[in-house]
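Asker: Spelled out from the first residue to the last, the chains are:
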Amino acid sequence: DSGVTQTPKHLITATGQRVTLRCSPRSGDLSVYWYQQSLDQGLQFLIHYYNGEERAKGNILERFSAQQFPDLHSELNLSSLELGDSALYFCASSVEAFSGNTIYFGEGSWLTVV
Amino acid sequence: SQKIEQNSEALNIQEGKTATLTCNYTNYSPAYLQWYRQDPGRGPVFLLLIRENEKEKRKERLKVTFDTTLKQSLFHITASQPADSATYLCALGGFSGYSTLTFGKGTMLLVSP
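Protein sequences, first through last, are from chains A and B. Residues 41 to 154 in our numbering are what the first sequence lists, from first letter to last. Residues 985 to 1097 in our numbering are what the second sequence lists, from first letter to last.
Just so you know, these hints were derived from the structure itself, not from any lab. We put the CB at the ideal spot given by N, CA and C, even for glycine. Incorrect hints may appear among the rest.
[What the hints assert, rightly or not] Dumping the calculated EDC-like pairs for lysine to aspartate or glutamate here, alpha-carbon to alpha-carbon at most 20 Å:
(1) Lys1089(B) to Glu147(A)
(2) Lys1089(B) to Asp80(A)
(3) Lys49(A) to Glu115(A)
(4) Lys1089(B) to Glu993(B)
(5) Lys987(B) to Glu1036(B)
(6) Lys49(A) to Asp1023(B)
(7) Lys987(B) to Asp1051(B)
(8) Lys987(B) to Glu136(A)
(9) Lys97(A) to Glu136(A)
[To be verified] Short derived list, chain A residues pointing at chain B, Cβ under 10 Å:
(10) Ser42
(11) Tyr73
(12) Gly98
(13) Glu102
(14) Cys131
(15) Ile143
(16) Tyr144
(17) Trp150
[Unchecked claim] Away from chain B, derived, C-beta distances all over 12 Å, residues of chain A:
(18) Leu51
(19) Thr53
(20) Gly56
(21) Arg58
(22) Leu79
(23) Asp80
(24) Gly92
(25) Arg103
(26) Glu115
(27) Asn117
(28) Ser120
(29) Ser126
(30) Gly140
Whenever a hint applies, use it, and build me the whole structure from the sequences.
Answerer: Below is the structure:
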């Protein structure tokens, strides 16, 4: 158990809908990362927050947004969902924001768009 | 363009042998490289980190090398066991100033008894 908690574990929704994925980082970790994993693309970095502030952005679509709250939990909002958004979404956390940190992954949220 | 390449074909080896996985990268200057293990449907689990000024790192049956001239890392598992069967991901970091990692697509390792 990495200590990173993600909910929901599985989600099935229709195209055009909006969903929110939730992440609680490990106790004491200030950084939260979101990754998307699909079969053909591998693990793709979406966004990184540190202590409530956005630190880095990767291949995150404009239809997607994220935030980190004062209690350090984070939410990833996916809107106007398309079939291609079906993937495993991982949250990860680390103590600091800067290089050399180990990051700890949650078990992921399976999103299926039908 | 930036690329991280790991062998997309599964590596099949017999129990007790040494497994060697390769990670090659282009157009990156990472400060460090990490290796993760991922089981089907689970989150990646950190195994080892090696920095750009280190040539080799060991942890129990695991060994990682990092050659910044060749832009390559090798990941070895000695005395492999069926329980080592998983997908192994390499990840580069430190080039953006933050600890964001960029992952390769991984290589599946299958260890048969």
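Asker: Is the shortest C-beta separation between Cys131(A) and chain B less than 10 Å?
Answerer: Hint on Cys131(A): holds, closest Cβ of chain B at ~9 Å, below 10 Å.
Asker: A closest beta-carbon separation below 10 Å is what the hint needs, so does Gly98(A) meet it against chain B?
Answerer: 7 Å, holds
Asker: For Leu79(A), is the shortest CB-to-CB distance to chain B above 12 Å, so the non-interface label stands?
Answerer: Label violated. Min Cβ-Cβ 10 Å, cutoff 12 Å.
Asker: Any CB of chain B closer than 10 Å to the CB of Tyr144(A)?
Answerer: Holds. Min distance 7 Å.
Asker: Does Asp80(A) sit within 20 Å of Lys1089(B), going by the straight-line distance between their CA atoms?
Answerer: 9 Å, holds
Asker: CA of Lys1089(B) to CA of Glu147(A), is that 20 Å or under?
Answerer: Holds, at about 18 Å.
Asker: Is the interface hint satisfied for Glu102(A)? The criterion is a beta-carbon contact with chain B at less than 10 Å.
Answerer: Where the cut-off is 10 Å and the nearest Cβ of chain B is about 20 Å from Glu102(A), the hint is violated.
Asker: Please work out if Lys49(A) and Glu115(A) have their alpha carbons no farther apart than 20 Å.
Answerer: 14 Å, holds
Asker: Over 12 Å from every CB of chain B: does Ser120(A) meet that, or does the non-interface label fail?
Answerer: Holds: least Cβ distance 26 Å, greater than 12 Å.
Asker: Report holds if the minimum CB distance from Arg103(A) to chain B is greater than 12 Å, and violated otherwise.
Answerer: 21 Å, holds
Asker: What's the verdict on Lys987(B) and Glu136(A), does the C-alpha distance respect the 20 Å limit or exceed it?
Answerer: 26 Å, violated
Asker: Taking the least C-beta to C-beta distance, is Ile143(A) closer than 10 Å to chain B?
Answerer: 6 Å, holds
Consistency note: the structure conflicts with the earlier hints numbered 8, 13, 22, 23 and 30.
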